[in-house]
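Assemble the whole structure, with the sequences as input and the hints as a guide.
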Amino acid sequence: MSTNTLTNEQLKIVIVGHVDHGKSTFVGRLFHDTGSLPEGKLEQLQAIAERRGVPFEWANLMDALQSERDQNITIDTAQIWFQTRKRQYVIIDAPGHKEFLKNMVTGASSAQAALLLIDAHEGVQEQSRRHGYLLSMLGIRQLAVLVNKMDLVGYSEARFNQIETEYRAFLKSVGLEPQGFVPIAAKHGDNIANRGANMPWWQGGTVTQTLDRFEVAHPAENQPLRFPIQDVYRFDERRILAGRIESGTLKVGDRLMFSPGNKSSTVKTIERWSSLSSDVAQAGESIGVTLTEQIFVERGAVAALDNALPFELTHFKARLFWLGRNPLTKGKAYKVKLATQEAECSIETIHRVIDSATLETVSRREKEIFVGRNEVAELTFKIKRPLAFDLHDALPSTGRFVIVDGFEVAGGGIIVDDDYPRRTAGENIKSDNIYWSHGKVTPAHRANRNGHPGGVIWLTGLSGSGKSTIASELERELFNLGKQAFVLDGDNIRHGLCSDLTFSPQDRRENIRRVSELTKLFMEAGFIVITAFISPYRADRDLARKIIPEGRFVETYVNAPIEICEQRDPKGLYAKARAQEIKEFTGVSAPYEPPLKPEIELPTNQLTATECVTRILEYLHLRDAEDSISI
Amino acid sequence: MDHLTKLENQSVYILREAFNKFENLAMLWSIGKDSTVLLWLARKAFFGHVPFPLVHVDTTYKIPSMIEYRDRLVSDWKLDLIVGKNEAALANGTTYPNGKATRVECCGWLKKDGLKQVLDKHHFTGVIVGVRRDEEPTRAKERYFSPRDKNMEWNVEDQPPELWDQFKTDFEKGTHIRIHPLLHWTEINVWEYIERENIPVIPLYFANTKGERYRSLGCAPCTGPIKSNAKNVPEIIEELRHTKTSERSGRAQDKESEDAFEKLRRDGYM
Ligand SMILES: Nc1nc2c(ncn2[C@@H]2O[C@H](COP(=O)(O)OP(=O)(O)O)[C@@H](O)[C@H]2O)c(=O)[nH]1
Ligand code: SF4
Numbered sequence: 001m002s003t004n005t006l007t008n009e010q011l012k013i014v015i016v017g018h019v020d021h022g023k024s025t026f027v028g029r030l031f032h033d034t035g036s037l038p039e040g041k042l043e044q045l046q047a048i049a050e051r052r053g054v055p056f057e058w059a060n061l062m063d064a065l066q067s068e069r070d071q072n073i074t075i076d077t078a079q080i081w082f083q084t085r086k087r088q089y090v091i092i093d094a095p096g097h098k099e100f101l102k103n104m105v106t107g108a109s110s111a112q113a114a115l116l117l118i119d120a121h122e123g124v125q126e127q128s129r130r131h132g133y134l135l136s137m138l139g140i141r142q143l144a145v146l147v148n149k150m151d152l153v154g155y156s157e158a159r160f161n162q163i164e165t166e167y168r169a170f171l172k173s174v175g176l177e178p179q180g181f182v183p184i185a186a187k188h189g190d191n192i193a194n195r196g197a198n199m200p201w202w203q204g205g206t207v208t209q210t211l212d213r214f215e216v217a218h219p220a221e222n223q224p225l226r227f228p229i230q231d232v233y234r235f236d237e238r239r240i241l242a243g244r245i246e247s248g249t250l251k252v253g254d255r256l257m258f259s260p261g262n263k264s265s266t267v268k269t270i271e272r273w274s275s276l277s278s279d280v281a282q283a284g285e286s287i288g289v290t291l292t293e294q295i296f297v298e299r300g301a302v303a304a305l306d307n308a309l310p311f312e313l314t315h316f317k318a319r320l321f322w323l324g325r326n327p328l329t330k331g332k333a334y335k336v337k338l339a340t341q342e343a344e345c346s347i348e349t350i351h352r353v354i355d356s357a358t359l360e361t362v363s364r365r366e367k368e369i370f371v372g373r374n375e376v377a378e379l380t381f382k383i384k385r386p387l388a389f390d391l392h393d394a395l396p397s398t399g400r401f402v403i404v405d406g407f408e409v410a411g412g413g414i415i416v417d418d419d420y421p422r423r424t425a426g427e428n429i430k431s432d433n434i435y436w437s438h439g440k441v442t443p444a445h446r447a448n449r450n451g452h453p454g455g456v457i458w459l460t461g462l463s464g465s466g467k468s469t470i471a472s473e474l475e476r477e478l479f480n481l482g483k484q485a486f487v488l489d490g491d492n493i494r495h496g497l498c499s500d501l502t503f504s505p506q507d508r509r510e511n512i513r514r515v516s517e518l519t520k521l522f523m524e525a526g527f528i529v530i531t532a533f534i535s536p537y538r539a540d541r542d543l544a545r546k547i548i549p550e551g552r553f554v555e556t557y558v559n560a561p562i563e564i565c566e567q568r569d570p571k572g573l574y575a576k577a578r579a580q581e582i583k584e585f586t587g588v589s590a591p592y593e594p595p596l597k598p599e600i601e602l603p604t605n606q607l608t609a610t611e612c613v614t615r616i617l618e619y620l621h622l623r624d625a626e627d628s629i630s631i
Numbered sequence: 632m633d634h635l636t637k638l639e640n641q642s643v644y645i646l647r648e649a650f651n652k653f654e655n656l657a658m659l660w661s662i663g664k665d666s667t668v669l670l671w672l673a674r675k676a677f678f679g680h681v682p683f684p685l686v687h688v689d690t691t692y693k694i695p696s697m698i699e700y701r702d703r704l705v706s707d708w709k710l711d712l713i714v715g716k717n718e719a720a721l722a723n724g725t726t727y728p729n730g731k732a733t734r735v736e737c738c739g740w741l742k743k744d745g746l747k748q749v750l751d752k753h754h755f756t757g758v759i760v761g762v763r764r765d766e767e768p769t770r771a772k773e774r775y776f777s778p779r780d781k782n783m784e785w786n787v788e789d790q791p792p793e794l795w796d797q798f799k800t801d802f803e804k805g806t807h808i809r810i811h812p813l814l815h816w817t818e819i820n821v822w823e824y825i826e827r828e829n830i831p832v833i834p835l836y837f838a839n840t841k842g843e844r845y846r847s848l849g850c851a852p853c854t855g856p857i858k859s860n861a862k863n864v865p866e867i868i869e870e871l872r873h874t875k876t877s878e879r880s881g882r883a884q885d886k887e888s889e890d891a892f893e894k895l896r897r898d899g900y901m
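Taken in order, these protein sequences are the chains called L and A. Residue 604 in the working numbering is what sits at position 604 of the first sequence, and the numbering runs on without skipping anything. Just add 631 to wherever you are in the second sequence, counting from 1, and you've got the working numbering.
Hint data in this document are derived by calculation from the structure and do not stem from the laboratory. Among the hints, erroneous ones may be present.
To be verified - Computed cross-link-like contacts, DSBU-like style, restricted to lysine-lysine with a CA-CA straight-line distance of at most 35 Å:
id: 1; chain 1: L; residue 1: Lys102; chain 2: L; residue 2: Lys384
id: 2; chain 1: L; residue 1: Lys263; chain 2: L; residue 2: Lys382
id: 3; chain 1: L; residue 1: Lys332; chain 2: A; residue 2: Lys652
id: 4; chain 1: A; residue 1: Lys652; chain 2: L; residue 2: Lys251
id: 5; chain 1: L; residue 1: Lys317; chain 2: A; residue 2: Lys804
id: 6; chain 1: A; residue 1: Lys862; chain 2: L; residue 2: Lys12
id: 7; chain 1: L; residue 1: Lys102; chain 2: A; residue 2: Lys804
id: 8; chain 1: A; residue 1: Lys804; chain 2: L; residue 2: Lys384
id: 9; chain 1: L; residue 1: Lys382; chain 2: A; residue 2: Lys804
id: 10; chain 1: L; residue 1: Lys520; chain 2: A; residue 2: Lys862
id: 11; chain 1: L; residue 1: Lys335; chain 2: A; residue 2: Lys675
id: 12; chain 1: L; residue 1: Lys597; chain 2: A; residue 2: Lys752
id: 13; chain 1: L; residue 1: Lys317; chain 2: A; residue 2: Lys637
id: 14; chain 1: A; residue 1: Lys675; chain 2: L; residue 2: Lys86
id: 15; chain 1: A; residue 1: Lys858; chain 2: L; residue 2: Lys41
id: 16; chain 1: A; residue 1: Lys743; chain 2: L; residue 2: Lys172
id: 17; chain 1: A; residue 1: Lys709; chain 2: L; residue 2: Lys268
id: 18; chain 1: A; residue 1: Lys675; chain 2: L; residue 2: Lys102
id: 19; chain 1: A; residue 1: Lys652; chain 2: L; residue 2: Lys384
id: 20; chain 1: A; residue 1: Lys652; chain 2: L; residue 2: Lys483
id: 21; chain 1: L; residue 1: Lys86; chain 2: A; residue 2: Lys858
id: 22; chain 1: A; residue 1: Lys675; chain 2: L; residue 2: Lys251
id: 23; chain 1: L; residue 1: Lys317; chain 2: A; residue 2: Lys652
id: 24; chain 1: A; residue 1: Lys804; chain 2: L; residue 2: Lys483
id: 25; chain 1: A; residue 1: Lys675; chain 2: L; residue 2: Lys12
id: 26; chain 1: A; residue 1: Lys743; chain 2: L; residue 2: Lys263
id: 27; chain 1: A; residue 1: Lys743; chain 2: L; residue 2: Lys12
id: 28; chain 1: A; residue 1: Lys675; chain 2: L; residue 2: Lys263
id: 29; chain 1: L; residue 1: Lys102; chain 2: A; residue 2: Lys743
id: 30; chain 1: L; residue 1: Lys102; chain 2: A; residue 2: Lys652
id: 31; chain 1: A; residue 1: Lys637; chain 2: L; residue 2: Lys263
id: 32; chain 1: A; residue 1: Lys804; chain 2: L; residue 2: Lys330
id: 33; chain 1: A; residue 1: Lys709; chain 2: L; residue 2: Lys251
id: 34; chain 1: L; residue 1: Lys546; chain 2: A; residue 2: Lys752
Right, dumping it as structure tokens:
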């Protein structure tokens, strides 16, 4: 058996077709005819059949090999690897009947080519069509149709032509162009690896010749760049964005635009471990990159080049097949997974439900509209936040998605054209989702609408340490990410709510107490409140922490040495304090008690304001959604 | 891109998905060539780091040099190793090597239960395992992300579809997911990769002066060497290209064909 030959080329194929049209028989015969069976195995199985007085069935051959338990006889009997002179083939899943569709979909989604069998006697059947349709939706572009059991129709050329004409027309209507039709008799080996003498009229090749004409798909390096971020690592001093390039080519120095969100930065390095380093990476490579400017990017973002961006919208139109136990219904929330993005979604419109075997529209009374198990539908999804995507026809890997129902991957689909607006850089996309609540509006309702619960980012630090700058940049970033955020700082508090207070320790305490209470109200209203007060006393900050629910209070120590703050002195306050024009100035004539265990510490003498904001966003992103703020 | 590089990129992708999706993730490390390649791939995926613990289920019957090799790599590569042992079963003193239990019982206690104990104790919800599709018949039906129920059972008949590298990462409490980054590798791919990457493997795989080597490693009383003169990786690859015997032919317990064994094998304990 040739499993262990050194291989540089391997092609994955999937074998489909209506039940009993001969898939198992074909596979058994293919293994035999390509010399892939262990020596003596066939004779042994034939002898067993004879002893039992049953006819030998090629269809049982793979099963017999698979249940072979005496592992000592031959290698890897379960192998569904076989070899032609040209290359090695893997049959992704041995045909079986139970849960065939789920296995077939699994196999076909990673296959590079498919063989579809049709019984010459029975002709095109329901599953012949359904499988053809699914192959086309799964993005299979190389298909050969094997018209089997030609012996049962007297090896008739006319019958073969008739089936070819009928099925070719069907495939065309689902957008598939087969590489060829081959008349075979799996049981007898006609046209599998050898021509045989039964069909002298046949001028085309055998199945193995057809297989060898397929191409091993090459990753899409000449297409537009799509680099979906899988994760952001900070194992050491590097901040690495890890992912696999799905299409295109990425180079050091490229200006990347990240969608959704329209953030851009430049590739500083391409990171690999224990591999030849190179400043270029291509489709198919799992790599990491570091950026020159530290921007906030998280899993799900898709990096592209400015001149060819993906769409970025809160709805898309798709063709979908449904395998779920429960039907796909309107009004229910599902999860969509597309590349590395995940979002809550629901059906906006079901345009039509298609019987994948007849291609006819399934008619249902308006109110009962749903997509049942094994049905195909054209529908429009609305998504709770913008998703970056492409048309499947243009860029398959960012143009397809799965739908998760509860814990199960229950369906898959491809995105079709719907006159989506092309984006111009800098534009903000508004989500138009509305959530209804009946009865009392609870924090959970608010969190649901906002997409995050309320919380507090409590910035503390010396005057001039950078609190206000960070606060306003953070507010803007959160706002652009579609979050409810609001800054409370000296300017909007001291002039109004606390205009009666001085800077004495008592008044400072009262000031912070009022701020804490106000913060709590804003938080309960669903906001991420960013406070930017010196708040020098530990006891005061602890008071604020105490009235905010656990996990929602993020004490952030904006830490810069006093000399630096004094140099910056944006409002000339240090100068005045030194000249004793201001009394009780924190750090000069009043104490500052640094936090003992802040959730975040930002050394602003080492980080830029953008880097500080990125740290905070990363921190929020990493929190567990249940009982902490998390964005 | 050559086949080996494709396999490598896919495995790295899977490891990163697993790391992102499972808070309590661990990797099984049997010290053998497959799980050592897996460990190497983790270092590729995480740029030299291994950001989750390795679990080694110690039956206390492993070939002693395996444990030495294990501990050396742990210190050289700064690994976080959790050793699991079914102490109760060992204290009980009924094992196959001392003649007081059948192999099925012994493997069930020391390997299966030993693993279950570690998983339970550390609440792991994702476990990375180096099984390959070509090892054993039923594995041809495996998925990259394969759910196990509360009793660690695998339901072959009803598996989730796995399409376009969208894996099953949502699961019920109490169940866990086995992750198989090496699923589509073959034995020879593993050796080709060891050669290409220069991965240190345990010398038991190379022929000794008596002309014997181990093709697969396990417990000393139940694993035997095969006849071979392959003294280095290229010679092993050459040998595999011509061999007609199964990878596990040196493993005594695989020869027992009770259903219980079939199941242990299918569940990835062997
Ligand atoms: N006469 C004839 N029978 C065939 C041929 N190929 C398969 N069969 C029979 O068709 C039946 C179903 O075949 P099987 O391979 O199990 O189909 P599957 O369900 O698609 O896997 C079996 O009884 C086979 O012997 C053929 O070329 N000629
Ligand atoms: S391989 Fe042998 S010694 Fe090891 S657990 Fe199984 S029966 Fe016991």
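- Item | Numbers of unmet hints, in rising order | Hints 10, 16, 26 are the ones this structure does not satisfy, whereas the remaining hints hold.
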